Amino acid sequence: KNEVEQSPQNLTAQEGEFITINCSYSVGISALHWLQQHPGGGIVSLFMLSSGKKKHGRLIATINIQEKHSSLHITASHPRDSAVYICAVRSGVAGTASKLTFGTGTRLQVTL
Amino acid sequence: NAGVTQTPKFQVLKTGQSMTLQCAQDMNHNSMYWYRQDPGMGLRLIYYSASEGTTDKGEVPNGYNVSRLNKREFSLRLESAAPSQTSVYFCASRIQGTGELFFGEGSRLTVL
Numbered sequence: 001k002n003e004v005e006q007s008p009q010n011l012t013a014q015e016g017e018f019i020t021i022n023c024s025y026s027v028g029i030s031a032l033h034w035l036q037q038h039p040g041g042g043i044v045s046l047f048m049l050s051s052g053k054k055k056h057g058r059l060i061a062t063i064n065i066q067e068k069h070s071s072l073h074i075t076a077s078h079p080r081d082s083a084v085y086i087c088a089v090r091s092g093v094a095g096t097a098s099k100l101t102f103g104t105g106t107r108l109q110v111t112l
Numbered sequence: 001n002a003g004v005t006q007t008p009k010f011q012v013l014k015t016g017q018s019m020t021l022q023c024a025q026d027m028n029h030n031s032m033y034w035y036r037q038d039p040g041m042g043l044r045l046i047y048y049s050a051s052e053g054t055t056d057k058g059e060v061p062n063g064y065n066v067s068r069l070n071k072r073e074f075s076l077r078l079e080s081a082a083p084s085q086t087s088v089y090f091c092a093s094r095i096q097g098t099g100e101l102f103f104g105e106g107s108r109l110t111v112l
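Listed in order, the protein sequences are those of chains A and B. Just so we're aligned, residue 1 is where the first sequence starts under this note's numbering, counting upward by one. Just so we're aligned, residue 1 is where the second sequence starts under this note's numbering, counting upward by one.
Only chain A is shown next, with the shape it has when bound in the complex (with noise of 0.2 Å):
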């Protein structure tokens, strides 16, 4: 079992749609990212959060330390934000020492 679980691994949804992709991790963190990462592009970091909640424009980062789980929710979906969603835990000891572990991402395709 992966240490870091991605669902689903692809999403289509249309354009102005309420889209949630789920992460969920077996071990114990200090921090949870999100990026994002568009097709034949660079990565971009989105969030990252350790404990409750996070607001961007239309993205919101959520994370339940008690059940190793967080949510990424895009509100009104737009093409624009079709890319590969990536959830990437940091466990051990907080610093550059630090393991940071992928999942293996969401592809979200968003049509008009």
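Please keep in mind that the hints were generated in silico from the structure rather than gathered at the bench. Predicted, not measured: the structure shown is a model, and the values here were computed from it. Warning: the hint list may mix true and false statements.
Sample of chain B residues with no beta-carbon within 12 Å of chain A, all distances over it, derived [stated by the list, open to error]:
#1 Q6
#2 K14
#3 T15
#4 Q17
#5 T20
#6 Q22
#7 D26
#8 R72
#9 E73
#10 S75
#11 S80
#12 T86
#13 T110
Below 27 Å or equal to it, Euclidean Cα-Cα: the simulated DSS-like pairs (lysine-lysine) are [as the list claims (entries may be wrong)]:
#14 A:K53 to A:K68
#15 B:K71 to A:K99
#16 B:K71 to B:K14
#17 B:K57 to A:K99
#18 B:K71 to B:K57
#19 A:K99 to A:K68
Cβ coordinates follow ideal geometry from the N, Cα and C atoms, glycine included.
Following the hints, put chain B in place on chain A, whose structure we already have.
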């Protein structure tokens, strides 16, 4: 503000050839990383550097060497390329305090 810059973006090598991937960041970050991304797998850490003059192995260091030339630059060298090193390589840097990650655009390497 360029962020993290990687070169080259694309490279095709023959088995046994050598090459160096260059990475530079202009954000004065201490920590820098090299990852590889393969289909169906999460990003995997090759090497990292916690500060200028220090480097450490990650999960998959075999076949690679690195140099932290100065605070800005962190290069990845393949001494004798193998087809198993066909991958997309990402350089990243991290803010010490918040832990936020910044990635380069990626370098797509094909070894024939």
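- Are the Cα atoms of K71 (chain B) and K57 (chain B) separated by 27 Å or less? Satisfied, since the Cα-Cα distance of roughly 18 Å is no more than 27 Å.
- Item | Claimed clearance of chain A by S75 (chain B), with the beta carbon kept past 12 Å | Given that every Cβ of chain A is farther than 12 Å from that of S75 (chain B), nearest at about 18 Å, it holds.
- Query: Far enough from chain A: is every CB of that chain over 12 Å from the CB of Q17 (chain B)?
  - Reply: 24 Å, holds
- Regarding the assertion that T110 (chain B) does not contact chain A, is the least Cβ-Cβ distance greater than 12 Å? 14 Å, holds
- Message: If I take the minimum Cβ distance from D26 (chain B) to any residue of chain A, is it greater than 12 Å?
- Response: Label holds. Min Cβ-Cβ 15 Å, cutoff 12 Å.
- Non-interface claim for E73 (chain B): all C-beta distances to chain A beyond 12 Å? With a cut-off of 12 Å, E73 (chain B) remains clear of chain A, as the shortest Cβ separation is near 17 Å.
- Given the hint that K71 (chain B) pairs with K14 (chain B), does the C-alpha gap stay at or below 27 Å? 32 Å, violated
- Is the hinted pair K53 (chain A) and K68 (chain A) satisfied, with a Cα-Cα distance of at most 27 Å? Within the cut-off at roughly 14 Å; holds.
- Query: Taking C-beta pairs only, is Q22 (chain B) more than 12 Å away from all of chain A?
  - Reply: 15 Å, holds
- Say whether it holds or is violated: R72 (chain B) keeps its Cβ farther than 12 Å from all Cβ of chain A. Holds, since 17 Å exceeds 12 Å.
- Message: Check whether the Cα positions of K99 (chain A) and K68 (chain A) lie no farther apart than 27 Å.
- Response: 17 Å, holds
- Report holds if the minimum CB distance from K14 (chain B) to chain A is greater than 12 Å, and violated otherwise. Non-interface label stands for K14 (chain B): nearest chain A Cβ at 24 Å, farther than 12 Å.
Checked against the numbered hints given earlier, this structure breaks hints 1 and 16; the rest are met.
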